[in-house]
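J.: Here the protein sequences line up with chains E and U, keeping their order.
For the first sequence, my numbering assigns the number 1 to the initial residue and increments by one for each residue that follows.
For the second sequence, my numbering assigns the number 1 to the initial residue and increments by one for each residue that follows.
Since the hints were made in silico from the structure, they are not lab data.
Heads up, some of the hints might be wrong.
For chains that are exact copies, the list does not tell them apart, and a pair is met inside one copy or across any two.
Claimed, not checked - When the alpha-carbon atoms are kept at most 30 Å apart in a straight line, the in silico DSS-like pairs for lysine-lysine are as follows:
{"no.": "1", "residue 1": "Lys243", "residue 2": "Lys231"}
{"no.": "2", "residue 1": "Lys93", "residue 2": "Lys156"}
{"no.": "3", "residue 1": "Lys93", "residue 2": "Lys267"}
{"no.": "4", "residue 1": "Lys136", "residue 2": "Lys243"}
{"no.": "5", "residue 1": "Lys93", "residue 2": "Lys198"}
{"no.": "6", "residue 1": "Lys156", "residue 2": "Lys39"}
{"no.": "7", "residue 1": "Lys267", "residue 2": "Lys236"}
{"no.": "8", "residue 1": "Lys198", "residue 2": "Lys156"}
{"no.": "9", "residue 1": "Lys198", "residue 2": "Lys162"}
{"no.": "10", "residue 1": "Lys267", "residue 2": "Lys136"}
{"no.": "11", "residue 1": "Lys39", "residue 2": "Lys236"}
{"no.": "12", "residue 1": "Lys39", "residue 2": "Lys93"}
{"no.": "13", "residue 1": "Lys236", "residue 2": "Lys156"}
{"no.": "14", "residue 1": "Lys231", "residue 2": "Lys93"}
{"no.": "15", "residue 1": "Lys136", "residue 2": "Lys269"}
{"no.": "16", "residue 1": "Lys267", "residue 2": "Lys231"}
{"no.": "17", "residue 1": "Lys39", "residue 2": "Lys198"}
{"no.": "18", "residue 1": "Lys39", "residue 2": "Lys162"}
{"no.": "19", "residue 1": "Lys231", "residue 2": "Lys269"}
{"no.": "20", "residue 1": "Lys231", "residue 2": "Lys198"}
2 protein chains.
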Amino acid sequence: MAIRTAVIGYGNIGKYAVEAVLASPDLELAGVVRRQVEKPAELDRILVVADIRELGDVDVALICTPTRSVPEYAARVLALGINTVDSYDVHGKLADLRRELDRIAQRYNAVAVVSAGWDPGTDSMIRAILSLMAPKGVTYTNFGPGMSMGHSVVVKAINGVKDALSITVPLGSGIHRRVVYVQPDPGADFEYIEQQIKNDPYFVNDQVEIHQVDDVGQLMDAGHGVVIERKGVSGKTANQLFKFEMRINNPALTAQNMVSCARASVKQKPGAYTMLEIPIIDYLYGDPETLLRQLV
Amino acid sequence: MAIRTAVIGYGNIGKYAVEAVLASPDLELAGVVRRQVEKPAELDRILVVADIRELGDVDVALICTPTRSVPEYAARVLALGINTVDSYDVHGKLADLRRELDRIAQRYNAVAVVSAGWDPGTDSMIRAILSLMAPKGVTYTNFGPGMSMGHSVVVKAINGVKDALSITVPLGSGIHRRVVYVQPDPGADFEYIEQQIKNDPYFVNDQVEIHQVDDVGQLMDAGHGVVIERKGVSGKTANQLFKFEMRINNPALTAQNMVSCARASVKQKPGAYTMLEIPIIDYLYGDPETLLRQLV
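In isolation and in its complexed conformation, chain E is listed as follows (with noise of 0.2 Å):
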């Protein structure tokens, strides 16, 4: 039987998770959760509601709405016994937000995938083999160059922003310039605006350096990366070297794996789990013996 899926959020990264359920072989669309209920073009023969429980039996929401309403959006679909997939960016807090949706999901007999992006998430799953491989050493983790949508909708929020861009750039040893461009509204005090940027907890800890432009619209591009290197030792041999490498579109990686992630909940106990404490085996499509026959 088909997983029936909701996607609740249709900006970013809501329009890529509709694409993403559609071309999973064993999940079904069960229609799309928005505030605004008149559709564009594409969903066109989609169910779109104001709520996830106008949608009939859902098994699994992907929570696409912006980082920051994660928290409160899943709490909420979770308490209906629906699982929940977020992509809940703040490195810092995920474990706590895990703790919080863990005790809700095992009270409504649900299961809640936090943090099931690509940072964190898959590039945690591969910073965590490099650790198991050569428990000591040190892990550098540089992204970019691209576009963080996150950071970019922190600017966005900001009094007086138009529209906004933050672009990651890697200096190497997990150090990184961001490179924000700003279209102002009319008449807004840029050094306001400014400061705001350079105070805020997603930027505070790196360079940064801020641009106006007259049209954000010119410089989009969701192609994003990241290199994660590790030099490290396995028992008592030093110089083991791993280097992962991805160049990808960021908002269709991330939905993808949050799709992959909501066939894995509907295999799991009640309770909430980051991407590292379910079996990789469980996010695949497929008989788990002939995966082994072909991944193993």
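Chain U: place on chain E using the hints.
T.: Structure of chain U alone, referenced to chain E:
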């Protein structure tokens, strides 16, 4: 309480396995099991026995025998109620071994981790993660250049071979050349040896080049590597590009992976598992919530 771990076999991997157990804060070396009980100097303070039952309580045994005798040793140890970890490397047969050991492990209330090296093993985990990120597409695994222990052991077992070394050279797109250096016994029939190599299942699918040499010892280097590449589709978005590369000491990595699996084994329910079937976090030392804060 420390996980009491035995190392069965003291060849190439067994030596590094002893080091990796000693380097793990949560593991305790119960001893080494080998036919020849005389000790080399580095085992001076370590219990060496001919039968694992002489080691008292043992939680996990690392089966470091040649791959072809793994099924027999694993079955025998599991029947004592002791968990096993092996690095069985015959890709085409490991799903069958898993099934066979699953039956025995369940019966004796133990856990078997099957094919827990790097390929099969951690490379399989990487390939599976690439598949969950981009379900459609092709993955190429390019080994080397480096010495293949499995292939070298096969050649050494041929009649008339005094010593041998098989080097794997990547030709791209997952195609490999096997370059085999053979030091024959005096008066051995080299053509017979060549035929035996070319007809062995380990070599039959690859391009093979065989050289006769006077001293294989001069060519030995335990370094190895792999490049795993995938170009695939996330949802409906093509050109998602992934690459994993490592340059490592081969037996040291195999041994460390087996040790990380020993740790994971004590957290699983009775049965047999490949590395794809265990949550990644279980392989790591430390408090799970602290690990989530560090890695995710």
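J.: The structure should be examined with respect to each hint, and the outcome stated for every one.
T.: Status of each hint after checking the structure:
| no. | hint | in the structure |
| --- | --- | --- |
| 1 | Lys243 / Lys231 | both (9 Å within a copy, 17 Å between copies) |
| 2 | Lys93 / Lys156 | within (22 Å within a copy, 55 Å between copies) |
| 3 | Lys93 / Lys267 | both (26 Å within a copy, 26 Å between copies) |
| 4 | Lys136 / Lys243 | both (16 Å within a copy, 23 Å between copies) |
| 5 | Lys93 / Lys198 | within (20 Å within a copy, 57 Å between copies) |
| 6 | Lys156 / Lys39 | within (24 Å within a copy, 69 Å between copies) |
| 7 | Lys267 / Lys236 | between (38 Å within a copy, 25 Å between copies) |
| 8 | Lys198 / Lys156 | within (14 Å within a copy, 64 Å between copies) |
| 9 | Lys198 / Lys162 | within (18 Å within a copy, 68 Å between copies) |
| 10 | Lys267 / Lys136 | between (33 Å within a copy, 22 Å between copies) |
| 11 | Lys39 / Lys236 | between (60 Å within a copy, 20 Å between copies) |
| 12 | Lys39 / Lys93 | neither (34 Å within a copy, 52 Å between copies) |
| 13 | Lys236 / Lys156 | between (49 Å within a copy, 28 Å between copies) |
| 14 | Lys231 / Lys93 | within (27 Å within a copy, 33 Å between copies) |
| 15 | Lys136 / Lys269 | between (33 Å within a copy, 28 Å between copies) |
| 16 | Lys267 / Lys231 | between (35 Å within a copy, 28 Å between copies) |
| 17 | Lys39 / Lys198 | neither (37 Å within a copy, 64 Å between copies) |
| 18 | Lys39 / Lys162 | within (24 Å within a copy, 75 Å between copies) |
| 19 | Lys231 / Lys269 | neither (36 Å within a copy, 33 Å between copies) |
| 20 | Lys231 / Lys198 | neither (33 Å within a copy, 37 Å between copies) |
Hint check: violations occur at hints 12, 17, 19, 20; the rest are consistent with the structure.
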